[in-house]
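2 protein chains.
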Amino acid sequence: MKKDILRKKITKIFNNHKLSKKHAEVCADYLIKAELVEAKSHGILRLKMYCDRLKKKLINPRPKIKIKKISSSISHINADNSIGFVSADIAINQAIKNAQKTGIGLVAVKKSGHYGLSSFYAEQAVKKNLMVFCFTNAPPALAPYGSKKSLFGTNPICFGVPTGKVPFILDSSTSIINRGKIRQAHKFGKKIPFGVALNRSGKITTNAKEALLGTQLPIAGFKGSGLAWMVDILSGVLTGSSHGGKTKDPFDDFTGPQNVGHLFITINPKIFVGKNFMNEIKRNISLVKRLPKAKGFDSILYPGERKNKAYKKNLNKNIFIPSKVLKEMDELDVI
Amino acid sequence: MKKDILRKKITKIFNNHKLSKKHAEVCADYLIKAELVEAKSHGILRLKMYCDRLKKKLINPRPKIKIKKISSSISHINADNSIGFVSADIAINQAIKNAQKTGIGLVAVKKSGHYGLSSFYAEQAVKKNLMVFCFTNAPPALAPYGSKKSLFGTNPICFGVPTGKVPFILDSSTSIINRGKIRQAHKFGKKIPFGVALNRSGKITTNAKEALLGTQLPIAGFKGSGLAWMVDILSGVLTGSSHGGKTKDPFDDFTGPQNVGHLFITINPKIFVGKNFMNEIKRNISLVKRLPKAKGFDSILYPGERKNKAYKKNLNKNIFIPSKVLKEMDELDVI
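If you're matching them up, the sequences are chains X and S in order. Under the working numbering, read the first sequence as residues 282 to 616, first letter to last. Under the working numbering, read the second sequence as residues 282 to 616, first letter to last.
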């Protein structure tokens, strides 16, 4: 489907579900961007989920988002159960302003929802020449080290920094693979890789449904479990949102709003070394890229390069929508 | 050896190597603390290394440490090639003050050296009821994903938060095991675990010396490599210190000062939700601890609990010093 047609279609669907035109466009753009960077697990296949939640009033289509200014650096946003894209978009812009003014910005969001890829927000800060951390929590998917039951989300650690070229954007879930990939495999009847998830009896499974009912494995055992816990504290406990496994699954749990939390930290990277920062980050990347390559590699990529390459490649192409998702879209369009 | 005697002995040795009494005591306390928390790889066995560098004037025994105030939240410290313990101790105290004043502190340190365990500094902020990140870079030990040559250090991610009880302190190197453990195995002729390091030909090795000459493996491949890179940018590029593999190995490289960088971010955890923070962090931990346990576990520990338990257990015991290290100490004492 042509990008512009898809954009209009998604905007109209969100509009039908009572989102304002502006908010519907923000959401459409983020969903399309996920398709363009080939993070399809965070793309159009989530549209129905968002609409289901809007219909059930678990996402507030007309939120009164309040920004509380705590200092020139620090803001607290009550998202009023808005769709995650909209509140995170407002929040990163606030975090950008705060860092531009004072060198450092800290913006917490409560009562929000799933916001797509953290890298979307990191990229905006990086394009304004800022360094940035984005944290968000998510519904139970990972068992804490020592437990057999899921509690942490796949809680990503996202960090971005300007490089003068393609932004350096690390966006790493603390699970071995992200949950969206398992959902995608489930939706299309595919298997998942070996060793990334356990079934309910605690055995390794390659069946996507069993994995969704069971638990995913954190990266590096106790370390990954600790990192997921850190993200839960930063985005849940600190911001005043749900945490400790209480964040609702947007696909399966319709008992209330998700109450996801986000935290953004923005830093002016020139604050300590001035203009020299750009020279040094370029040198840093060049030192790494010039290293001798391991077998099977002809270049060393930094985080963000692969998604950027995909984005450029796909920007002027049609977006492939699987027939199952097309059918969902048609059904959503006539409501 | 009795703790007090050991403390006097180390203080005297550092004093002999021209450190001021105050700085010698700071260093002695941190080295002993590493022994007490059973991080022996960061304890007394490093004493000779520090003294070797002091003798060669690669560590400045009488540094003129300058603190540049950028704003009430942000400070930049030039450590003047001091021993890492001393500058990091000053820096975390500055970061604590900044966060107490404004809600957030950001303190960068340049021209520093190896500072022991990040958790030492995190703990100080947590004891003042702050949330904290500590980052530091380190000499080449990890090959970036796609390369066969070490460049990143084992670059830890350290995060601390008050809990009302034992501090939550995650201190996770981005390598599968920390380099100190490999050095310790090398010093005492032990093997290292399978699958944590490669030899110079790129093959897995359990020989500590081969591993030191080869490269360690990051946690979770591309993700761990990205996290190590992030820490290099935060502590090296941002602060104006060495980075991109230029941080000198304190044990092997006597061609100049290490020029390690550190970055501390401190946050008042009550800034968004007030006193409720303490209730919620307690609830968070209790929700995790109450989960059904995996096979082989009778409790779920949060990061920091194990070290705290070790500390309490060892606090009133003698500290065991291997004869090899005792001999080194005696030699250092007569200089």
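Please note that the accuracy of each hint is not assured.
As a list, the in silico DSSO-like pairs of lysine-lysine whose alpha-carbon atoms are at most 27 Å apart [as the list claims (entries may be wrong)]: (1) Lys446(S) to Lys551(X); (2) Lys551(S) to Lys529(X); (3) Lys556(X) to Lys350(S).
By construction, these hints were calculated from the structure, which means they are not laboratory data. Note that the structure is predicted; figures quoted are calculated from it, not measured.
Comparing the hints with the structure gives:
1. Lys446(S) to Lys551(X): violated, 38 Å
2. Lys551(S) to Lys529(X): holds, 24 Å
3. Lys556(X) to Lys350(S): Satisfied, since the Cα-Cα distance of roughly 18 Å is no more than 27 Å.
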